[in-house]
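Peer 1: Here is what each chain is made of, one letter per residue.
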Amino acid sequence: MKTVFVTVGTTSFDELIERVTSAEVTQELKSRGYERLVLQVGRGALLPAADSCSHLRLEAFRFKDSIAEDMRRADLVISHAGAGSCLEALGAGRPLLVVVNDRLMNNHQLELAAQLHADGHLLYCTCSTLTGTLRDMDLSALQPFQPGQPKNFANFLDKALGVK
Amino acid sequence: MNFVPSELPYSASYAVVMFMFAAEAAFVFLFICLFFIFRFYIVVKTGRNHRPGTKGPVSVLVVAGSGGHTSEILRLMEHLSAAYAPRHYVIADTDRMSEEKISTFESSKPQSASETHFIFRIPRSREVHQSWSSTVISTLNALRFSLPLVFRLQPDVVLCNGPGTCVPLCVAGLLLGILGIKKVLIVYVESICRVQTLSLTGKILYLISDYFFVQWPSLRDRYPKSIFLGRIV
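In order, the protein sequences belong to chains X and W.
If you count the first sequence from 1, you need to add 1463 to reach the numbering used here.
If you count the second sequence from 1, you need to add 2 to reach the numbering used here.
Just so you know, the hints here were simulated from the structure itself, not pulled from any lab data.
Just to be clear, a hint being listed does not mean it is correct.
Unchecked claim - Now the stretches of chain X that chain W is said to cover, found in silico as 3 or more residues with beta-carbon under 8 Å: (1) 1546–1554; (2) 1573–1581.
What the hints assert, rightly or not - Capping the alpha-carbon separation at 30 Å, the derived lysine-lysine pairs in DSS-like fashion look like this: (3) X:Lys1622 / W:Lys227; (4) W:Lys185 / X:Lys1627; (5) W:Lys103 / X:Lys1627; (6) W:Lys57 / W:Lys184.
Fair warning: this is a prediction, and the values are worked out from it, not measured in the lab.
In this text, a Cβ means the ideal position worked out from N, Cα and C, and glycines have one as well.
Isolated chain X, as found in the complex (with noise of 0.2 Å):
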């Protein structure tokens, strides 16, 4: 079952969880084969009732010890765009869409989000044009992610400080 997943990571963001579970998006999501939608809503105030979707089969939850299973069964992530939640989703190689939040000021995570755009990892839009990123995406133009090589770093470090 074609799915996709939500998060916004342990922020609160009611804006996104509304405009994704509106009529006009999940209709979106449903023409482009999606049948199921689970949402990781965070400390947001709206946590939609299971199943009180038309189109799609939808589940939604606030945290979880772990959201490696929810990365693993996706076929699509939308996001928002907390550092933690794109690089898991890109580590679990899956197709993320990242949806900025323009209610909050100078967010500096908006840099590495802006980044792996334009390294061509991610797609990006805001609640007002997730209607439209969704009909027009290209998910095989994505590029994939090389995960981070903390063994550079050891490597380094032994060398400098004389580390046998």
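Model the placement of chain W on the given structure of chain X, informed by the hints.
Peer 2: For chain W alone, kept in the frame of chain X given last:
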């Protein structure tokens, strides 16, 4: 030789003595300041010559800020060999989740975790969105805990990656070097979230750290003293 002319009235001779005392105190103060500045310069300039690994295990003080900072720092430590021991983790007193993450990380290590890792708590320097005037007070408070902790542990390396918690700890490490007690290497890794701009902590520690890592080329270009190895988390 008598510097105080005996013809001066009592109040004037008193004033001269006080002035001389004040002048001496000022000279001593100036000397101490110059000594500190000189020692500071030496400690910061010669940091990279110091190689604690040649003498045996390298003790590390790891600053675990909350949330993403802890995850990033544990990822950085994934490939550090057993030579980096003991590992002293310092977390902010208001942080609930880092201790669990650290314990999970350490329990995956082959050798006895209870002997080689320890967790300490200190007051947080600054909460997110805290006003700057109260930040001075809370930072001084954090310093009050950081100084004795660092003076007691005397780590070879302080490893940190961004939270304000690390500033008092790094300053304490620097002080150990300035006083000639021990050279403490400051290793700072700017968060992967920082692509175009350094965090405030990064801007401060760029000046005093021995090894300063950035993870994006735009930062490497802007901060010539930084080390760029690509993404390392």
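Peer 1: All hints, please: hold or fail.
Peer 2: Status of the hints after comparison with the structure:
Residues of the segment 1546–1554 of chain X lying with their CB closer than 8 Å to a CB of chain W number 3, which satisfies the three-residue condition for coverage. Here's how the segment 1573–1581 of chain X fares: 4 of its residues keep a CB closer than 8 Å to some CB of chain W, so the rule of at least three is met and the hint holds. Our distance criterion of 30 Å between C-alpha atoms is met by Lys1622 (chain X) and Lys227 (chain W), whose separation comes to about 18 Å. Restraint check for Lys185 (chain W) and Lys1627 (chain X): the C-alpha separation of about 20 Å stays at or below 30 Å, so the hint holds.
Only pairs whose Cα atoms come within 30 Å are accepted, and Lys103 (chain W) paired with Lys1627 (chain X) is accepted, the gap being roughly 28 Å. Of the pairs offered as hints, the one joining Lys57 (chain W) and Lys184 (chain W) holds, with about 14 Å between alpha carbons and a cut-off of 30 Å not exceeded.
In summary, this structure violates none of the numbered hints.
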